[in-house]
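K.L.:
Read off the chains here:
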Amino acid sequence: MSEDKTPLDDKIIEGYEYDGITELDNPCPNWLMYIFYFTAFLAVFFLGYYFGSNSKNKIIESYVKKLEDARLQQVTPAVEQVPEVSESELAVLLQKPAELTSGEEIFLDKCALCHGDNGEGFIGPNLIDNYWIHGKGKISDIAATIRAGVPDEGMAAWKDEIPEENILQIAAYIKSLKGTQVEGAKEPDGELIED
Amino acid sequence: MSASNESNPGFVQVKYNDEIVRMFTLATIIWAAVAFLVGIIIALQMAVWQLNFNTSWLTFGRLRPLHTNAALFAFAGNAIFAGIYHSTQRLLKTRLYSDVLGKLHFWGWQFIIVLAAVTLPLGLSQGKEYAELEWPIDIAVVLIWVVFAINFFGTLLKRNEKHMYVSIWFYIATIITVALLYIVNAISLPISFFKSYIVFAGIQDALVQWWYGHNAVAFFLTTPFLGLMYYYMPKAANRPIFSYRLSVMHFWSLIFLYIWAGPHHLLNTALPEWLQTMGIVFSVMLWAPSWGGAVNGILTLRGSWNLLRTDPIIKFLVAAITFYAMGTFEGPLLSVKAVNSLGHYTDWIVGHVHLGTLGWNGFLTFAMVYYIAPRLWKTELYSKKLAEIHFWIGILGILFYYISMLAAGITQGLMWRAVDANGHLVYPDFVETVIRIVPLFFFRAIGGVLFMAGFVLLLFNVYKTIKQAPKDLADEIVQVKGVPVAVNHSERGHRRLEGMAAAFTILALIAILAGSIIEVVPTLSISKYVKTENKVEPFTPLELAGRNIYIKEGCFTCHSQMIRTIHSEELRYGAASTIEESMYDRPFQWGSKRTGPDLARLGKKYPDLWHYMHMENPRAVIKESIMPAYPWLISSKVDFGNLGKTISLFKKLGVPYSDKDVAGAITSAKTQALGIAARLKDQGVKEDVSDKKIVALIAYLQALGQKGEK
Numbered sequence: 001m002s003e004d005k006t007p008l009d010d011k012i013i014e015g016y017e018y019d020g021i022t023e024l025d026n027p028c029p030n031w032l033m034y035i036f037y038f039t040a041f042l043a044v045f046f047l048g049y050y051f052g053s054n055s056k057n058k059i060i061e062s063y064v065k066k067l068e069d070a071r072l073q074q075v076t077p078a079v080e081q082v083p084e085v086s087e088s089e090l091a092v093l094l095q096k097p098a099e100l101t102s103g104e105e106i107f108l109d110k111c112a113l114c115h116g117d118n119g120e121g122f123i124g125p126n127l128i129d130n131y132w133i134h135g136k137g138k139i140s141d142i143a144a145t146i147r148a149g150v151p152d153e154g155m156a157a158w159k160d161e162i163p164e165e166n167i168l169q170i171a172a173y174i175k176s177l178k179g180t181q182v183e184g185a186k187e188p189d190g191e192l193i194e195d
Numbered sequence: 001m002s003a004s005n006e007s008n009p010g011f012v013q014v015k016y017n018d019e020i021v022r023m024f025t026l027a028t029i030i031w032a033a034v035a036f037l038v039g040i041i042i043a044l045q046m047a048v049w050q051l052n053f054n055t056s057w058l059t060f061g062r063l064r065p066l067h068t069n070a071a072l073f074a075f076a077g078n079a080i081f082a083g084i085y086h087s088t089q090r091l092l093k094t095r096l097y098s099d100v101l102g103k104l105h106f107w108g109w110q111f112i113i114v115l116a117a118v119t120l121p122l123g124l125s126q127g128k129e130y131a132e133l134e135w136p137i138d139i140a141v142v143l144i145w146v147v148f149a150i151n152f153f154g155t156l157l158k159r160n161e162k163h164m165y166v167s168i169w170f171y172i173a174t175i176i177t178v179a180l181l182y183i184v185n186a187i188s189l190p191i192s193f194f195k196s197y198i199v200f201a202g203i204q205d206a207l208v209q210w211w212y213g214h215n216a217v218a219f220f221l222t223t224p225f226l227g228l229m230y231y232y233m234p235k236a237a238n239r240p241i242f243s244y245r246l247s248v249m250h251f252w253s254l255i256f257l258y259i260w261a262g263p264h265h266l267l268n269t270a271l272p273e274w275l276q277t278m279g280i281v282f283s284v285m286l287w288a289p290s291w292g293g294a295v296n297g298i299l300t301l302r303g304s305w306n307l308l309r310t311d312p313i314i315k316f317l318v319a320a321i322t323f324y325a326m327g328t329f330e331g332p333l334l335s336v337k338a339v340n341s342l343g344h345y346t347d348w349i350v351g352h353v354h355l356g357t358l359g360w361n362g363f364l365t366f367a368m369v370y371y372i373a374p375r376l377w378k379t380e381l382y383s384k385k386l387a388e389i390h391f392w393i394g395i396l397g398i399l400f401y402y403i404s405m406l407a408a409g410i411t412q413g414l415m416w417r418a419v420d421a422n423g424h425l426v427y428p429d430f431v432e433t434v435i436r437i438v439p440l441f442f443f444r445a446i447g448g449v450l451f452m453a454g455f456v457l458l459l460f461n462v463y464k465t466i467k468q469a470p471k472d473l474a475d476e477i478v479q480v481k482g483v484p485v486a487v488n489h490s491e492r493g494h495r496r497l498e499g500m501a502a503a504f505t506i507l508a509l510i511a512i513l514a515g516s517i518i519e520v521v522p523t524l525s526i527s528k529y530v531k532t533e534n535k536v537e538p539f540t541p542l543e544l545a546g547r548n549i550y551i552k553e554g555c556f557t558c559h560s561q562m563i564r565t566i567h568s569e570e571l572r573y574g575a576a577s578t579i580e581e582s583m584y585d586r587p588f589q590w591g592s593k594r595t596g597p598d599l600a601r602l603g604k605k606y607p608d609l610w611h612y613m614h615m616e617n618p619r620a621v622i623k624e625s626i627m628p629a630y631p632w633l634i635s636s637k638v639d640f641g642n643l644g645k646t647i648s649l650f651k652k653l654g655v656p657y658s659d660k661d662v663a664g665a666i667t668s669a670k671t672q673a674l675g676i677a678a679r680l681k682d683q684g685v686k687e688d689v690s691d692k693k694i695v696a697l698i699a700y701l702q703a704l705g706q707k708g709e710k
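Note that the protein sequences, when read in sequence, are chains A and B. So in the UniProt record's numbering, spot 80 of the first sequence is number 80, and the numbers just go up one at a time. So in the UniProt record's numbering, spot 375 of the second sequence is number 375, and the numbers just go up one at a time.
These are computed hints drawn from the structure, not numbers from a lab. Please note that a few of the clues may not be correct.
Which stretches of chain A does chain B cover? Using the computed rule of at least three CB atoms under 8 angstroms from a CB of chain B, they are [unchecked claim]:
#1 20-29
#2 33-46
#3 160-171
Chain B stretches covered by chain A per the calculated footprint, using a threshold of three residues with CB under 8 angstroms from any CB of chain A [as the list claims (entries may be wrong)]:
#4 80-94
#5 234-240
#6 414-427
#7 568-578
#8 604-616
For each residue, glycine too, the CB sits at the ideal point set by N, CA and C.
Only chain B is shown next, with the shape it has when bound in the complex (with noise of 0.2 angstroms):
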């Protein structure tokens, strides 16, 4: 949209596409009363769990995925686009490349999410937190991705100003990093339009997961939002930079270092030793480019702190990289082996993730709305006193959630490693772990809903500042200086790549690609990992479908399949898992949460009728449970009609299934269904419930830890 200027020559005019900003920033806020929603009813499930509602559809581990969705995706996903597309324009100093693309990534991406929205409830998962979507939404993830890169290397490459700032650098890494993740880490295979089964197994696919979902914090939740900083921060301070070299250093150093820390999820699991040590070491390294980022956006204020005091905006912007500096000094601490221990499948990391989330990304959100809004919608904020109040009451709100999840966290950890004298747990029961801790939950879904109080006045702010805004809405006209993006062979080093945006790209994947090769590669090739002699059984076709529901029901929200090297692990759950057991296991289930306990050996615990009774009502056999009921296994069919197209596809997988297997898969499974039903009416069940869902979940549970060799 540029044309030369007639009376004003060697200058060109632009004209923003500020529509593309109003409409992300719109989907923003919409986005996120949904996903702060959903946390405070999750939250409250925990405490009260009444208020799972009986319902499928209603119960936490249907719900939780919703939840961390809507957080990632919906709510920082709309943020960034808007961000982007308002910051980049005027780095740049061009106008979007194309306005079509960007309304087909707008509405793409709200389709998408509603999408979301409709399957995660109904259960359609696959089994992977932070991408539960089925194929045919990654599909459209990627696709709608693709779009975004597309309209944004193009206005990279139209661009009007020679050198890209580092908010730039910052989102070229974001675009190509979140590319490689979501499409490695979603490569399944369908077996029908709603159900496809991941091609990675076991330790592949907890290595994979990982590498995709810390680095989906990296660079999904960090990368993007240290670009919207640098752009926000010294904008609303009017303030220059603190330090250009540092930029330097920290983003190459940041990008390089991040992709390797995946495997501090799984420390002191069975993954192989030297994976969990490159997570620590890298993890370990990571605390001062991150906090390179917090320094030299804290240290842009030197010299007007007193806008600390008058500014609203910029109380936001100090908070959240506060908020970025205590959670990237807390990532790398929980990274070490020892203090991973004791957080690991604790509250502790879900007070980890939050501090981030809604301090960090939250708090640099509302600054970035309450800067955008007054801005494009060309009127003054409606009430700076009401943001005053929202960043009061937020505050109060992440440290009511933290503080409370990091006292349940290691109140927790605590009890679950206490042995006596005697070598015997201090408290054999899970379920007192989780009574002692659940006032706690109370006190985060308080946290939960100040935040949300806080984010209310955010929404009547913005509406009210709409509404008062003009009528015509005309799009920012700059007048630019059209500067060639040649070469400069006189400058040297950095600057010189600053204006080479493809030079620049490559080096940055290649920064991405190391970490990325050399961790995830070696084990794509199990069979090094695995000892043979180790006979480690399949599921029965039966153990699938029950498999298959576990899933569904979002069991791994809350239950992990991982006994930890750790003595008192051996003592509460039996011996440590291997990594043979789960070698067949798609998607792996390790889980990163113990709600409940852990299921890893959990089969031939109890008899039939005891799981059956504990899914009716958990309350039924456990006193003072606080799982949700899943009455609806015991009423609605299960479905076998897939089974023989799973185990084909296993097969073809390299599971050991015959040929004969296949052809049976539904008789067997149907054989072994009819058997578990008698044993159920034999000890007191009265109606039959052979083709009933229960029935294959009993032989899943029954399953667990029965495969590898005695």
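Here chain A stands alone, though its shape is the one from the complex (with noise of 0.2 angstroms):
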């Protein structure tokens, strides 16, 4: 050990030597300690915060209260609570291309998976034709089935992934489809519905 090197302070403990590693007799830093105490009061304030309240399990409680809030932040009222909007008022969307393209791009996007592009069928059953599996195939009926799905059956339920008002561009895009005819269509499944 160089010595010279040595600041003035420090004090090599003699008689304790080990392969030639000696070691000062320097205190634990201040500073070390402070952050250890620091650490040690935040430890014992958060234990008796969580043990020392007759609350049974705060995680869950405070999960439950912050969906709660969530909920009563919503702008637009949850979905059980879907205005009721008459047939004749969302026909009005059919007239409307930019609502019928919003929809087909969502469409295109969410639906087309299993629907096919041009609502032929594929995974999920064919949206062109007269035959539907559930609702009677009114934009309404449409739209409920894909807010709720048929978990069943494997169609997902989108209320909490697709606006409300996208979903009825959907819906309409699809009442849109009927009639059109696309080549390897999936075959007729469901009641068949005369308008």
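Take the two lone chains and join them into the complex the hints point to.
P.N.:
If you want it as structure tokens, here you go:
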């Protein structure tokens, strides 16, 4: 050890040397000890907070509360309270190309995987004929199926992923497909609905 | 190998076993090359899915365990053994207890690594992270570890140095704790030579796994390397250790506190709240004890800062300690529940881990290799300049790696939780959040390549150094004063303890047992936490066969099955997962990373055909998916042979199967498979897949989240 380079306040502990390694008699740095005391204080405080209260499970309680808060903060009402819109009001959408184009875009993104790019059906049933498995083929029926899905048959519920406004656009777009002819379309399934 | 020295009475001549150190050093750098290379391959696979090559044994899910096991057991393991054998003999002034055991240790360990390198790509996996190796290899690991322990403690007992230096304390803590962790976490019951099931289920398994997993970091990647740092730092700098008192303080606080922190890997999950709370507070308290080691290492350089400019070994050591300090600050930070809710399951954690492994373990090992190579091959280092270049390229690589992963993790974490004013997820499509960070996967891969490039310079440098070594590599001989290892009653406190190896070891054992027992033992009676009124159906035989495929393919490396108690997770995945839902899961599959979405409630979300097409080619149903394709699941047959044994074993372990279930396991599986295959046929699948793996996997995926009470 080159003593000359040792800072003045450093004192080597005599009598203990390991393969040439010696140790200095410095104390633990204060700032490090303060960090330790600080974290230990936090720990005690936190333990007291969790174990000292009557609450059985703070995690679940705060989780449930957060879910409720989130629902209260929603600007649009939850799906359960979707306003009733009459079929004639919805049919107006069919006359608005912009709405249908928007519906088509989302359809291609979310629905086409199972129902085909042109609604001809694939994993899911075709959407272009007069046969309907769920509902009577009205725009409101289609929208309801999109919202709630058909979990037992593999159709996802989309209400949390697609805003209500867009669901109606998709439903209108699907309605607009009725009667189109697509080569290789899936055979009809469900109940024949005559207009 | 000591004999009394006639010319110098009172002194003995000690000849160190340097051969074993050279062997482990070479093994370290050879396996490092493998671990790093596989790391680069899987990093590139995440950036470019085509690099999975539609080949089972080259797919990410199988190579990722190979990478982690190689980095942990092969690279870090061999480095630890090299450093411990090198420094321990010198610190205790005695030759290794047994040369034969040393050789057995070396070859046994390399054999285990080769077995791991063969079985993991084949998909033989227990499905627990860093503990994937199947039971026969587990037994071999334990046996070889015992050989190592005998050799170490044997050396300790015949030491010629009365006091044990701080490095030795860390080695003792390492050896006893790793043995305990590894054995407990591997308690499984085999049903065949290649397949076993862990005895712990669900939450118990989660807790034991992360008690193990977290402390693998603590006692395999931290304590032994701190021991090495305490030897190589003062040796390389030729300076005294900054503070003996700090050594004592931070050693005991570190090993005592570390063992409690495991539950921080399970925050906001279904783990009981008191355990999460313990995990948080002990992780936060680890900050100062961890920094104690860093401070003691860095301040040892006081008065010799100039070495930082001139000596590449010192550069590597100081950078390693700095990365250690960064990682041990980030660790407590990530253990805070709010931060954890953002970072968990993202690449931030991957970045955090690599800050430690590349920066701390990697750089410390490189320093050690540059220190050992010229000394044990009795020559000069071939090129100091190359070592300098290695250092700077390595630093650049780590920074690329860490910064890109930090950015990816935080970006994705924020996207996952983004909710708009209407209460809808802003990014409801999971794949959107993946596509956003794919560019960062490229940056990460560049980081890996840079780190590897620096390492290639080390390989070359060491090769050239050994090339110029003299033919005769005789073991180093020293004259040491034979000190009787007796208790000195005039000594007080810790100094006295340092002379008492057995007492020291027992105290260290008590320190690490305290947290282990208090946290793990209560959960072993699962009934305490499970509400019995919530009935959960166990999986059907076919679903279990599918679950085995899920584990074999390493799906858990990218998919979690644990919806946390977080609002945005409820929106994305459904109600938070409960303890009951995974109560029969052996092993638990809560996961630790979401490269793909959580699957806890995947069942019935999509039709069977969707899964069929998705496994055959994920791009067929999700255009931008980066998931590998699994075509072999459609072409290869599912094995029902062990289902009876499996169900019978589970029944013994308390899963509510009847004798009829055991007897009819295979029939039941076949019937269910025919049903799914028929449905697939209806939906347009041409070939009959009723005896193929895909059917079992679909059965399992469709059952996820469907077993609890509605």
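K.L.:
Return the numbers of the hints above that this structure violates; sort them in rising order.
P.N.:
Of the numbered hints given earlier, the structure breaks none, since each of them holds.
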